[in-house]
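Sequences are here, hints too, so could you generate the full structure?
Number of protein chains: 2
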Amino acid sequence: MSGFYSVGVDLGGTNLRAAAYRDGEIREAIALPTRLDHGRDSVVRDLCDAVRSLMRDFAPDHECVGITIGSPGPLELPAGILRSPPNLPGWDGFGLRDAIESNLHQPILLENDANLAALAELRAGSGLHSGLDSLCMLTLGTGVGNGIVLNGEVWHGSNGMAGEAGHAIVEPDGAPCGCGSRGCLEQYTSASAVVRMAKEHSSRLRSMDSLTASDVARMAAQGNLEAQAVFEQVGRALAIGLTSLINVLNLPLYVIGGGLSNAWDIFAPGMMSDLARFSYIYRITSTGNGTSQTATRTQIVRGELGDKAGLLGACLLPFTRSVARGTP
Amino acid sequence: MSGFYSVGVDLGGTNLRAAAYRDGEIREAIALPTRLDHGRDSVVRDLCDAVRSLMRDFAPDHECVGITIGSPGPLELPAGILRSPPNLPGWDGFGLRDAIESNLHQPILLENDANLAALAELRAGSGLHSGLDSLCMLTLGTGVGNGIVLNGEVWHGSNGMAGEAGHAIVEPDGAPCGCGSRGCLEQYTSASAVVRMAKEHSSRLRSMDSLTASDVARMAAQGNLEAQAVFEQVGRALAIGLTSLINVLNLPLYVIGGGLSNAWDIFAPGMMSDLARFSYIYRITSTGNGTSQTATRTQIVRGELGDKAGLLGACLLPFTRSVARGTP
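Taken in sequence, the protein lines are chains B and C. The opening position of the first sequence corresponds to residue 1 in our numbering, with each subsequent residue numbered one higher. The opening position of the second sequence corresponds to residue 1001 in our numbering, with each subsequent residue numbered one higher.
Keep in mind the hints are simulated off the structure, nothing from the lab. Certain hints may be false.
Computed footprint of chain C on chain B; a stretch qualifies when at least three of its residues, placed anywhere within it, have a C-beta under 8 angstroms from a C-beta of chain C [unchecked claim]:
| id | stretch |
| --- | --- |
| 1 | 69 to 81 |
| 2 | 138 to 152 |
| 3 | 240 to 252 |
| 4 | 274 to 285 |
| 5 | 295 to 305 |
Reference excerpt, derived from the structure (chain B facing chain C, CB under 7 angstroms, subset only) [unchecked claim]:
| id | residue |
| --- | --- |
| 6 | E164 |
| 7 | G180 |
| 8 | S181 |
All residues carry an ideal CB built from backbone N, CA and C; glycine is no exception.
Here's what the structure looks like:
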């Protein structure tokens, strides 16, 4: 044995990615489509085959510290059962932990993907330089994920379902959401929301079938007023959502990641100025003025790890667990 | 020495209450008006005189475990400095901990009043029977306080300013709030908000100078439609605020206390039915159906301790601290 490694998996609604991690780096990675149309048993087989393949390559010389599977939520923990996951249609009530452990014949760590992204940003991204041990992360992707780390540990809540700020209401009676409610943060700050809002704002954009959030961001950067109005709405909705998170949690760091955070320069200025109007806790704590010298500043930053955050968090988790247990 | 006692103080914007606590009960209590017009030094003197008076009565036979002062927030901790507290006008930047400790010549525990109410409900109120160690409390009074206890400990956040859910936005561009924002939960669910909304709904009520929230509650109970509409708005705003708290924190217990919770029977049915529409985490976790047998149910209940919660929490805190330190 010449060292320790971990295996992490990011099970997404579109892609399935697996990686082996050693000495602070991802050493080998596998990417597959998530074949939802073949059924969940088939997806679990693909996933376990990828894990086994990575382990075969590393096993001769290294000891496996642990295997983490990151899954979209809501995921009931510790049972490991999916509950009406919007991005894995038909998987409601599926015992994901049991299915994977039966196939692999060994225990796994199972975690919500946004929680893993939050952990990765804390340990290896935007939290790394500051030495902080608490943060709140929002991942703006197809949906809006949310992970909260308090004092170095993911906050799971009673049933593993904490961190669903994407379904906080920012616009009462607003756009209908897949969760069954209306006006959720996700309906104004996800990539799909940007496309929907762009089509609402402009009849020209409405006719573009293949319009993506990146297209809208590029148009906004080029000065298109309708596209800019969409990102003003993104910034404002994020400011309303962050106001609640900041006033309730008073954490030192809020990280905005996921694909839509590539448009950070477009929506962040509006978001910051709205936030300064909306949250008095942010106003009090965002500058050094008016607070004592021991006070911690509240920072809102863009995630540093891009779309690797979830996979990296999956790889890191077994190491943080074994450190907690006193193993290397 | 025949035992241990604690002293708790509830410093409110209107009343100052102090109590000595021993063997699980409040033994002696002092209530004074908070003489804000005499200046903060004078209020601190009144407060310390009350503490000394209680200690003189108990000192001969008992050992003091600790003194807790509960104060309105935002309160920067551990520094103990008030930050623009809406209910203590002119106290911004006041070093409350230093002022009290200099007067008493001994260390105190200083805590946000809503956090103390949350602790009291957990240890001696609605959380007592369930053996839970986490909850979120909203106190509906002149303003709306919020306290969060996670795994038995008050969640303070970075600067002691966590638990300001009263200033989460439930109605974007809604009623202006003392915190500088608009549409805060407090503007729809506090006693003063009920009076304001009643006057907005009805020209007859608008002319009643001395109208109180209790008056509006009584009218609603007697079938007045305008008063009932006000409490529908209260229930709906609480449901929006609770949706965010439940989806983000996934705690087992949410307690609604404070004076306005006397109108529980009037607003709770609407609140519960709105909540079931707004929060999918509540829907998943509020019934035993569809979750595994190990799942914890989410409960929303009325506080059991009434307006004593804050004072009792102040009395209890020194005992929980000394238990944590291994002292009786």
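The hints, checked one at a time:
With 5 residues carrying a beta carbon less than 8 angstroms from a beta carbon of chain C, the stretch 69 to 81 of chain B meets the three-residue requirement, and the given coverage holds. Check result for the stretch 138 to 152 of chain B against chain C: holds, 3 residues qualifying (beta carbon to beta carbon below 8 angstroms, three or more required). With 10 residues carrying a beta carbon less than 8 angstroms from a beta carbon of chain C, the stretch 240 to 252 of chain B meets the three-residue requirement, and the given coverage holds. Counting residues of the stretch 274 to 285 of chain B whose beta-carbon sits less than 8 angstroms from any beta-carbon of chain C gives 8, enough to reach three: the coverage restraint holds.
Beta-carbon proximity to chain C at under 8 angstroms applies to 3 residues in the stretch 295 to 305 of chain B; the threshold of 3 is reached and the given coverage holds. The interface hint given for B/E164 holds, since its Cβ lies 4 angstroms from the closest Cβ of chain C, which is under the 7 angstroms cut-off. Hint on B/G180 holds. Least Cβ distance to chain C is approximately 6 angstroms, under the 7 angstroms limit. Proximity of B/S181 to chain C holds as hinted, the smallest CB-CB distance being about 5 angstroms (cut-off 7 angstroms).
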